[in-house]
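*Asks:* Chain by chain, the residues run as shown.
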Amino acid sequence: MYQAKRRTGLVFFPAFDWAINPTHPEREERLLYTQDQVFEEGIFDIEGIEEFKPDLVTVKDVQRVHFCVPDVWGVTTESHFISAGGAKTIGMAVMDKRVERGFALVRPPGHHAMRVVHGARGFCNINIEAIMIEYLRKAYGIRKVAIVDTDCHHGDGTQDIYWHDPDTLFISLHQDGRTLYPGSGFTNEIGGPTASGYTLNYPLPPNTSDEGFLYAIEQVVLPVLKEFEPELIVNSAGQDNHFSDPITNMNFTAQGYARLTELLQADIAVLEGGYSIEGALPYLNVGIILAMAGLDYSKVTEPNYNPMALRQKPEIMTWIQRIGDQVLTNWKNRNQLSEMARGDKRFEERSRTLFYDTDSLVEDQKETLRICPDCPGAWKIETECQKTQRALAIHVPVHACSDCRNLAMDWFEQGARQDFDAVFLQDRPQDRFVVKRRGAA
Amino acid sequence: MIIGLDVGGTHTDVVLLAKDGIRKAVKVPTNSADLFHTVLTGITAVTAGIDPASLRRIVLSTTLATNAIAQGCIPNVGMIVSSGPGIDPEYFRTHRNYTAVRGCIDHRGREIEPIDPEQVRQAAQCFLEQGITHLGIVGKFSVRNPAHEIAIQKALPPGFERIFLGHRVSGSLNFPRRIATTYLNAAVFPIHYAFFNAVRQSLAERGICVPIHIMKPDGGTMLLDASVDQPAQTILSGPAASVMGSLAFAFDEEDAIILDIGGTTTDIAVLVNLAPILNPSGITVGSYKTLIRSMESHSLALGGDSAISIAQGRLQIGPERKGFALAFGGPYPTPTDALCILGKIKTGNTDRAVEGFQPIAKALGCGIEDAAKQVLDTLCRTVVQEANELLRRINEKPVYTIHEILEGYRVHPKKILLLGGPAPYLASRIERFSEGMQVGVVPRWDVANAIGAALARTTTEVVLFADTQQGIAMAPEESWQEKVDRQFDKDKAIEHATALLRQKAVRLGAVPEDLETEVIEEYQFNMVRGFYTTGRNIRVRVQIKPGLIAASDAIVGMLSQE
Ligand SMILES: [Zn+2]
Ligand SMILES: [Zn+2]
Chain A
437 MYQAKRRTGL VFFPAFDWAI NPTHPEREER LLYTQDQVFE EGIFDIEGIE
487 EFKPDLVTVK DVQRVHFCVP DVWGVTTESH FISAGGAKTI GMAVMDKRVE
537 RGFALVRPPG HHAMRVVHGA RGFCNINIEA IMIEYLRKAY GIRKVAIVDT
587 DCHHGDGTQD IYWHDPDTLF ISLHQDGRTL YPGSGFTNEI GGPTASGYTL
637 NYPLPPNTSD EGFLYAIEQV VLPVLKEFEP ELIVNSAGQD NHFSDPITNM
687 NFTAQGYARL TELLQADIAV LEGGYSIEGA LPYLNVGIIL AMAGLDYSKV
737 TEPNYNPMAL RQKPEIMTWI QRIGDQVLTN WKNRNQLSEM ARGDKRFEER
787 SRTLFYDTDS LVEDQKETLR ICPDCPGAWK IETECQKTQR ALAIHVPVHA
837 CSDCRNLAMD WFEQGARQDF DAVFLQDRPQ DRFVVKRRGA A
Chain B
-19 MIIGLDVGGT HTDVVLLAKD GIRKAVKVPT NSADLFHTVL TGITAVTAGI
31 DPASLRRIVL STTLATNAIA QGCIPNVGMI VSSGPGIDPE YFRTHRNYTA
81 VRGCIDHRGR EIEPIDPEQV RQAAQCFLEQ GITHLGIVGK FSVRNPAHEI
131 AIQKALPPGF ERIFLGHRVS GSLNFPRRIA TTYLNAAVFP IHYAFFNAVR
181 QSLAERGICV PIHIMKPDGG TMLLDASVDQ PAQTILSGPA ASVMGSLAFA
231 FDEEDAIILD IGGTTTDIAV LVNLAPILNP SGITVGSYKT LIRSMESHSL
281 ALGGDSAISI AQGRLQIGPE RKGFALAFGG PYPTPTDALC ILGKIKTGNT
331 DRAVEGFQPI AKALGCGIED AAKQVLDTLC RTVVQEANEL LRRINEKPVY
381 TIHEILEGYR VHPKKILLLG GPAPYLASRI ERFSEGMQVG VVPRWDVANA
431 IGAALARTTT EVVLFADTQQ GIAMAPEESW QEKVDRQFDK DKAIEHATAL
481 LRQKAVRLGA VPEDLETEVI EEYQFNMVRG FYTTGRNIRV RVQIKPGLIA
531 ASDAIVGMLS QE
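Going line by line, the protein sequences match chains A and B. With my numbering, letter number 256 in the first sequence gets 692, and the count goes up by one each step, no holes. With my numbering, letter number 17 in the second sequence gets -3, and the count goes up by one each step, no holes.
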């Protein structure tokens, strides 16, 4: 009997009855052929591979991460609750040691969803990895988590959520933002002043092949992970770096993804993008599952696989090495970078405009962070979106000091008297989410 | 009249059913080394003095194929598989004579790499040199396009007697299971063929020329003649027979747990809406996971004849059966002895049972009667725990649509139906451990399995797959394929599949009044390429719902009044 070397859990939720719209890349058909391949390969019959039925996340699970405007139900559908629930189910199976590793093959994806949510960005409404991670932090008391985002698009939502959190190392590898949505993720984006260096971006040039990817993993990502010593490694396992993906320009293969999985040894992988639904996804997913389970994946190749045609040009490798050096430098210098960013400021403010491409909304944000010597600092965001309401979002970090917590409570009291439609308090130490709405008693 | 025969581990039960109920019921000892003789003895006993012309049908439930596999009596067969990319087919090797050849079909049935006939010829030649004349041929995704399996068959040199093709065993996806199932068909074919020819011939000699059906593990039957093409379909039909037997007495549509407590094993199954829940993938036989449709059941190595021992001061029942109970001349104490001690069974030698229980009572530090009660409690508690575990597994089965998650039906039985030898003596104990569930004993608990075999209807399923972009619809199990146009949709697919299903069911032995068809899977996906819908991908699965033959109503009515 074929037996996995590592007990591996899978949640497979293809959401066969949900789509953004009928012809959208994120539609009912997306995981259909993956399911065919996974079923035909008999993956769920392999001894040591267990399939779990996803639970739904709760509104509270979502509110631990997001400020949804006007409320959670206003920006989500059932499918989002199940998709995030699938990630949570796998996370729990790993933490409960029912399996050693797990992979949530779910849709819709989540890594473009930021802290504040007015609608959908890059096919994402809520951040399924972050919801899982914050649930696991709460339920199992884990602290240090590393997220390695290998989706072809910059994981800007996850970056935003953990921008001020030094307990979460976020590393995103993606096609260079000058050539692809969402246009961010450059090496100088390293996290806020209280968490500098804990966000690392590794933009890769178009046409990067297995060779370049695996270089980045082996030479940069693995050494950083080793030094960070996370309690949990999560892989945002987007599959749109594939050479046949219709919306990106990279040359990664099924063998490459499987090797990456083997090297990374993530505890949990969560499916993100990947839109080559016939030529790539069935093979990539089988390869990744086998690699996670410690099984032989050497015969998993896509039908039109031709390694010679995908050979990487030497100048691309030079570029990747140069960027890798910058990433490592950011990591090594994170303490100095943080000091420089803090300076002697007590608060830092930033204003920005965010675009929700999927829902065509524009949001204006003004963020204020308390630069605290004792904790990652409380912060608040004033947010306004053309179609929806004006809101104030206040966050108290899990390990906040009492000064920061008191300040956040003051902000909340003042906010209630100001001109906001809603004031939200995400009080992580108390694990509660409080809302005051205009006109409500 | 109908004969139902169920070969059990210890006894073979045979019933003769007439419109007014059970005309005759006999038990003959099972000789597992000579099942043919056992079956014949049973039929002879039950038909003594009966006019053969009054018989309508005979249904046999036998462990023949299972025994052959368990005893490793498998003739030397060959397997040729072609996989294409994915898991190395070496990991699915069934036995020594197994060869992987080139060729690849993808998930939509498109050829990616052709078969190499020369390579096939060489492999086949090698088998023939070893005297192998039975062959299985399986391709990955052959249920989406069987062309490669057929091409391999065509490339074979002459000399093979019987060839089994993977796409004919099931329409479900699962390459490793298709390999195992095809292999088992090829492997059990000779023994199956010889056995049933002998049965048919012997019955003919006695003037009995009626349709002979065989019970399948999904609770249905198929004609003996049809079973020759898929002999593995008759594997492990015992639990199915007993569930169908209890179904005869499960009048309302409430969910129910069925517990068949036998001598060696206890089989657990679940009824929903008057039909057994089926296993979504297929039955596991020994180390082989197959695509053979079966009820979702759990067989526990625990029964009335399980040997009792004390391990580290704790009571242990089973898993082995070392013979009959002490009270019936066996070597070790068993739960049946406990029933004798407590006066529930009065036919055995109680003194032997008491004597055998002395060391157990001593180790447990209690009296003989208490020890007997503890044994029965342990048995009943374990059985109920395992039943709950089966329910949990059924309810946690993954689903793949939002609708199924949100509206998901949870099986929540409020009653347990008991059958099997010790059933009436254990009912109150089972009830004590089963938290609010009502426990009932099936009226003819002692021969309910044979009644189940007699009354089960013919079941089968058809999977139909259509791809309007490629302009094709097919049901590979039925060797059915048709060109379709852009207008072809799910409703038309269901229509075609149901028509095929009816034809197939009749061919397998169903009579028109038993063709209760239902759709168990229906998916239709728009295939979008470059923002335009290029076609529809449709998957439909229809089945004859497992249940009892229409003619059973009168019989069951009479049985319940007895
Ligand atoms: Zn992406
Ligand atoms: Zn602080």
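It should be emphasised that the hints constitute simulated quantities derived from the structure, not laboratory data. Careful: at least some of the hints might be erroneous.
[Unchecked claim] What the simulated footprint calls covered on chain A by chain B, stretch by stretch (three residues with Cβ under 8 Å from a Cβ of chain B suffice, anywhere in the stretch; the number is not a length):
#, region
1, 557 to 563
2, 616 to 630
[Said to hold, decoys possible] Some chain A residues flagged as far from chain B (calculated, every beta-carbon gap over 10 Å):
#, residue
3, L731
4, W755
5, A777
6, S838
Virtual Cβ for every residue (Gly too), placed ideally from N, Cα, C.
*Asks:* Can you list which hints this structure breaks, lowest number first?
*Replies:* When the structure is compared with the hints, numbers 1, 2, 3 turn out to be violated.
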